[in-house]
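S.K.: Kindly produce the complete structure, drawing on both the sequences and the hints.
For reference, the chains in residue letters:
2 protein chains.
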Amino acid sequence: MNRPVRTRTDPDEVRARILEVAEEHFRRVGHHKTSVADIASELGMSTANVYRFFPSRDTINGAICWRIVNEVAEIAFAITHTNVSASEKLDRLLTAVHDRNKMILVKEKRMHDLVVAAMQENWAIIKAHIERMVTIFEAIIREGIEASEFEVEDPAEAARAVKTAFVPFLHPILIEHCVQHGEDTEAGLREQIRFILKALGKSD
Amino acid sequence: MNRPVRTRTDPDEVRARILEVAEEHFRRVGHHKTSVADIASELGMSTANVYRFFPSRDTINGAICWRIVNEVAEIAFAITHTNVSASEKLDRLLTAVHDRNKMILVKEKRMHDLVVAAMQENWAIIKAHIERMVTIFEAIIREGIEASEFEVEDPAEAARAVKTAFVPFLHPILIEHCVQHGEDTEAGLREQIRFILKALGKSD
Numbered sequence: 552m553n554r555p556v557r558t559r560t561d562p563d564e565v566r567a568r569i570l571e572v573a574e575e576h577f578r579r580v581g582h583h584k585t586s587v588a589d590i591a592s593e594l595g596m597s598t599a600n601v602y603r604f605f606p607s608r609d610t611i612n613g614a615i616c617w618r619i620v621n622e623v624a625e626i627a628f629a630i631t632h633t634n635v636s637a638s639e640k641l642d643r644l645l646t647a648v649h650d651r652n653k654m655i656l657v658k659e660k661r662m663h664d665l666v667v668a669a670m671q672e673n674w675a676i677i678k679a680h681i682e683r684m685v686t687i688f689e690a691i692i693r694e695g696i697e698a699s700e701f702e703v704e705d706p707a708e709a710a711r712a713v714k715t716a717f718v719p720f721l722h723p724i725l726i727e728h729c730v731q732h733g734e735d736t737e738a739g740l741r742e743q744i745r746f747i748l749k750a751l752g753k754s755d
Numbered sequence: 552m553n554r555p556v557r558t559r560t561d562p563d564e565v566r567a568r569i570l571e572v573a574e575e576h577f578r579r580v581g582h583h584k585t586s587v588a589d590i591a592s593e594l595g596m597s598t599a600n601v602y603r604f605f606p607s608r609d610t611i612n613g614a615i616c617w618r619i620v621n622e623v624a625e626i627a628f629a630i631t632h633t634n635v636s637a638s639e640k641l642d643r644l645l646t647a648v649h650d651r652n653k654m655i656l657v658k659e660k661r662m663h664d665l666v667v668a669a670m671q672e673n674w675a676i677i678k679a680h681i682e683r684m685v686t687i688f689e690a691i692i693r694e695g696i697e698a699s700e701f702e703v704e705d706p707a708e709a710a711r712a713v714k715t716a717f718v719p720f721l722h723p724i725l726i727e728h729c730v731q732h733g734e735d736t737e738a739g740l741r742e743q744i745r746f747i748l749k750a751l752g753k754s755d
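Chains as they are written, first to last, in this note's numbering: chain A, 552 to 755; chain B, 552 to 755.
One should not assume that every hint holds.
If several chains are the same, the list does not tell them apart, and a pair holds so long as it fits within one copy or across any two.
[What the hints assert, rightly or not] 20 Å max Cα-Cα, derived EDC-like pairs, lysine to aspartate or glutamate: (1) K749 x E704; (2) K678 x D735; (3) K678 x E742; (4) K753 x E700; (5) K749 x E702; (6) K678 x E734; (7) K678 x E737; (8) K658 x E727; (9) K714 x E727; (10) K658 x D735; (11) K753 x E704; (12) K714 x E742; (13) K749 x D705; (14) K658 x E622.
Note that these hints are calculated values from the structure, not bench results.
M.R.: Following this line, the structure appears as structure tokens:
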């Protein structure tokens with residue numbers, strides 16, 4: 552299936568089509584088995600031309616990985632705009648993000664593998680994603696403080712701690728490990744969210 | 552250097568000497584590069600004889616790994632017997648265990664690699680170690696409840712949550728990742744311990 556791209560079209564459009572084809576290949580055969588030549592050939596482009604838009608194979612991987620984590624962030628953003636208490640928001644958000652990451656592992660194993668690789672090779676992307684998620688946590692914590700639900704001295708510090716306390720339910724390698732060893736994450740997930748909410752709650 | 556072992560000696564003693572030689576090799580060349588034949592040869596034993604004491608190479612790895620995690624547990628036990636408040640105990644314990652795991656990575660990389668391998672191959676050993684650590688956390692939490700320092704409904708659940716909240720500072724792969732990316736773990740460690748203690752503290 553060839554989908555020729557005229558190189559005179561808008562560069563953003565070319566980039567988008569390169570990524571579309573790359574993602575399709577990654578999902579079908581995995582990122583390790585996809586070459587830049589495969590992508591170029593499907594688009595009726597030369598490999599050199601693909602490299603004009605993405606300086607290295609690594610940047611293509613990074614861009615696809617960013618799409619995957621972006622979907623996670625969008626789920627999180629959507630929850631911040633629901634009309635519930637801050638505790639309920641944080642609970643729903645943590646649950647949804649865990650469920651999403653687990654779903655990627657179980658149903659989209661090749662995308663999961665790409666994210667795991669990114670954690671080694673494209674750390675900047677993962678780091679930016681984590682920072683964005685921490686910012687979302689912080690916004691919810693500030694809401695909770697305003698609503699007198701939470702009592703927290705330093706919302707930024709608390710947001711980082713929430714992220715750290717939830718790493719076992721977010722980190723692709725740790726989720727994979729749990730699933731491999733047949734461990735049920737559900738009960739632990741509820742307990743951990745209760746613990747996090749208690750840490751944010753009012754103290755004497 | 553040959554250290555012949557008479558096979559008529561106490562089986563426990565033979566086992567201990569096999570492990571001693573294995574550990575020495577593991578520390579010097581790494582567990583991947585140590586064969587059962589190497590261990591047998593240094594002890595003046597046949598490989599078959601080593602297998603009489605350890606049914607597989609995996610069980611030797613497991614036993615050495617158990618020694619390493621045992622040292623961590625001993626540090627933790629020692630702290631539970633100090634004469635300080637429960638909060639202070641938990642703080643010292645979490646700090647000491649993190650420091651120890653980081654030290655193994657930095658100064659005893661080959662032992663660190665063995666523990667990482669065990670997390671894949673000898674999960675039962677790691678699981679038993681984690682369960683023991685959670686039991687220690689639970690004992691400290693119960694002490695804190697009795698002393699009215701902590702307010703916790705279910706000490707066993709809280710102990711599991713403390714462990715989970717501290718995974719990024721305990722898990723060898725995650726510690727390695729931080730060190731590889733030149734991230735300072737110290738500030739995050741203090742923040743996380745504060746967060747954990749707040750979660751155990753009294754609420755309104």
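S.K.: Each hint should be assessed against the structure and marked as holding or not.
M.R.: Results of checking the hints against the structure:
1. K749 x E704: both (14 Å within a copy, 11 Å between copies)
2. K678 x D735: Result: close only across copies, 14 Å inter versus 28 Å intra.
3. K678 x E742: between (27 Å within a copy, 19 Å between copies)
4. K753 x E700: Both ways: K753 and E700 sit 7 Å apart in one copy and 15 Å across, limit 20 Å.
5. K749 x E702: Both. Shortest intra-copy (10 Å) and inter-copy (10 Å) distances satisfy the 20 Å Cα cut-off.
6. K678 x E734: between (27 Å within a copy, 11 Å between copies)
7. K678 x E737: between (26 Å within a copy, 18 Å between copies)
8. K658 x E727: within (12 Å within a copy, 28 Å between copies)
9. K714 x E727: Both ways: K714 and E727 sit 18 Å apart in one copy and 19 Å across, limit 20 Å.
10. K658 x D735: Answer is within; shortest intra-copy Cα gap is 17 Å, inter-copy 35 Å.
11. K753 x E704: The answer is both: 11 Å in one copy and 16 Å across copies each meet 20 Å.
12. K714 x E742: both (15 Å within a copy, 12 Å between copies)
13. K749 x D705: This pair counts as both: shortest intra-copy Cα distance 16 Å, inter-copy 13 Å.
14. K658 x E622: within (15 Å within a copy, 40 Å between copies)
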